[in-house]
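Enquirer: Here's the letter readout for the chains.
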Amino acid sequence: MKTESSQGSTAASPYRYTVKADHLVKKFGGIVAVNDISFEVDPGECFGILGPNGAGKTTTIRMVYGFSPMTGGSLKVFGLDISTDWRRIKARIGVCQQENSLDPELTVLQNLEVFARYFNIPRKEAREKAIELLTFISLDHRRDAPVYELSGGMMRRLVLARALINQPDLLILDEPTIGLDPQSRHQFWQRLEGLGKKGITMLLTTHYMEEASRLCNRLMIIDNGVILAEGKPKELIQKHVGRDIIEVAEPTRELRDYIRSQHLNHEDLGHRLTIYCEDKGDLYQKIARDFCKDGCLMRMATLEDVFLKLTGRDLRE
Amino acid sequence: MSAVPRARISRRFIRIWQRNLTVYRKSWKISFIPPFLEPLFYLLAFGIGLSGLVGKVRFEGSEISYVAFIAPALIAISIMYNSFFETTYNSYVRMYYQKTFDAMMATPLSLEEIITGEIVWGATKSLIASVIMLGVISLFGLLSYPECLLILPLAFLGGMAFGSIGMVFTGMVSNIEMFNLPVFLLITPMFLFSGTFFPLENLPTSAQDLALALPLTHLANLARSFSSGRIHLSLLWEVGYLLLFSLIFFLLALRKMRKRLIK
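Line order of the protein sequences matches chains V and B.
If you count by our numbering, then the first sequence holds residues 1 to 317, one letter each, in order.
If you count by our numbering, then the second sequence holds residues 1 to 263, one letter each, in order.
Treat the hints loosely; a few may be bogus.
Stretches of chain B that chain V covers, calculated by requiring three or more beta carbons in the stretch to come under 8 Å of a beta carbon on chain V [said to hold, decoys possible]:
no., segment
1, 97-104
2, 107-118
3, 162-172
The calculated DSBU-like cross-link candidates involving lysine-lysine, where the alpha carbons are at most 35 Å apart (straight line), are [claimed, not checked]:
no., chain 1, residue 1, chain 2, residue 2
4, V, LYS20, B, LYS259
5, B, LYS56, V, LYS27
6, V, LYS20, B, LYS99
If you're looking for bench data, these hints aren't it; they were derived computationally from the structure.
Since this is a predicted model, take the numbers as computed values, not measurements.
Where a beta carbon is used, it is the ideal one built from N, C-alpha and C, also for glycine.
Looking at chain V on its own, in the form it has when it is part of the complex (with noise of 0.2 Å):
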C-alpha cells in the first residue's frame, strides 16, 4: 500500500478534523432520525458510531459521505463544506457500504478497474493498484472470477479493497463484518487494524461491541438520534459501568435487601441481577456465600454493558 503520502494524518493537513459534524439534523417527512448530533473525528483515528438497530447510525455517515442531504446543522469534511464541496470530498473518501453493491455483471478485477474510473483514475495506474489491493484482501488468485462465485467474506474484503481504490483519507464503514462467520471477521479486522496503522483515518458504524473494542480510538453511543455517550472505550466502560460486573441469576428477596442497603449500582432485570462494582473480590464473596449458592459469576466489564445499560434491553424491531 502506498497510501501514506496522501494521508490526512500528516502535521501539515489543513485541517483540525477530518470530519466535523455540528448540530447535524436529519428529518424523514415527520420522524426525526437524526436529532440535533456534533461529533469530531481526528485525522488518523478510527471513530465509531454504536447504536441499536435504527438508532441513526447509517443515516448519519450518509451524511457525511454525501448520499443523503441534512435537513439542518453543518458538516465539514476535510474542512471542506459537503453542500458545496461534495465532489471533492467523494473524491478522498472510501466508502464500504453495508448492502453488497458490487457489480454482479462484471469481474473481481473489473469491479476495482471500473470503480476507478468513476474517480477519473487512469487505467494504467487503475490497474496496477487494483492487483495491488488484490494482493492485499488475498483474492489475487479469483481475480478474473465473476462476483457472485465468491464467497461472503471475499466478497466483502472486495467492498473494502474497492472502498479503497482512490487511496482516501477517511475511509467509512457501515457495519462491514455483519453476517460474517468469525474467521471472516477476523480476517477483517486484520486488515483495518493494518491500514489504522498506516494513519488512514476511520469512521465506523456497527452494533457488535467486540468490532468496536477492537478496532475503535474513540466512540459514540446513539440511540433514537441522539447521543448517549462518547469517549474512549475503557473510559466508557469505567465511567458507566466501573470495573467489575456480578451477575446473580433468580435473585433472593434478601439479596435485594442487602444491596439497596448498601446502595450498590446495580440493574434489576427480575429473574438476573446486574452489580456494576469495583471490586477487589470481597463483595463477590460475600454474596456467593450469603446469598446465593449457584449462578452467581464475576467477570470483567464490556462496552456490551455499557450499550445495553444506556440503549435498554428492549427489542428493536
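Add chain B to chain V, keeping to what the hints say.
Expert: Then chain B, alone, in the frame of chain V:
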C-alpha cells in the same frame, strides 16, 4: 429546488456509459443477434407473406412497395425498444437489485450524472441496433444512400427520447412488474398505430391527431423519409418535436430519480 441542478452534471456521466459498455462487450455477440434477425424475420414475413395482399402503399405522393414502407419503420421501432427497455427493466435491475447506483453515489459522481449516463447508454444501444439493421436492410436494396445515413443521428435522438421516458417510469414504479403498464398502454399501441405498418391516413381523423402526438409517429416518418431519400425542410418540425420531447422527459427523469433515490 430548480429542475436542472446544473452544477451536478458534468461530462463525468461518460463513466456510467463506459461501465455499461464494459458489461455489453462481454456479451456483444448475443446482443447483436436480435437487431440482426428481427428485420430479416419481419421483412420475410411481411415482404413475402403480406405484400402480395397489400401491394403498393402511397407515401408522400408516390407509390412505394409495402416492404419499402415498413423497413424504415422497423428501424424506428427498434430504436424505441432498445432505449426504452434499457432504461426501464435494465436500469431498474441495476438500481434496485444490484445497488449499482448506490455504489456509484459513494464516488465523485452525482445522481444526475448516473441517470444521464444510463439514458445516453440507452440511446447508444438504439444507435448500435440501427447500424446493424441498416446493414441488413441494405441487402434488400431498400435504402437510398447517402440520405439513409441520417438515420444514425436520428437513432441517437430517438434513443434519448424513449430512454428518457423509460427512465421517468423507472423513477415511478414500485416494482419491476409495473413496467407492464407503460409497455401495454404506450409502447405496444405506438408499435401498431404510429404509421408503422399502415399509413396514418387509414386511421379515423381523431385517431390520426392522437397518433401525431406520439413520438414514434415522427421517428417512423423521419426514418422513412431518410431511407427513401426524400429530404425536405418540413422534416425539421418533426426533428424539433423529438428534441423538445427528449428534453422535457430527460428533465422529468432527473427529477423523478432524484425524488426516488436521494433520501
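Enquirer: Each hint should be assessed against the structure and marked as holding or not.
Expert: Here is what the structure says about each hint:
1. Only residues whose C-beta sits within less than 8 Å of a C-beta in chain V count toward coverage, and the segment 97-104 of chain B has 6 of them, enough to reach three; the restraint holds.
2. With 4 residues bearing a CB less than 8 Å from a CB of chain V, the segment 107-118 of chain B meets the requirement of three and the coverage assertion stands.
3. Beta-carbon proximity to chain V at under 8 Å applies to 0 residues in the segment 162-172 of chain B; the threshold of 3 is not reached and the given coverage is violated.
4. As the CA atoms of LYS20 of chain V and LYS259 of chain B are separated by approximately 28 Å, the hinted pair is consistent with the 35 Å bound.
5. Between LYS56 of chain B and LYS27 of chain V the CA atoms are separated by roughly 65 Å; this puts the pair beyond 35 Å, and the hint is violated.
6. Taken as a hint, the LYS20 of chain V and LYS99 of chain B pair is honoured in the structure, with Cα atoms around 29 Å apart against an allowance of 35 Å.
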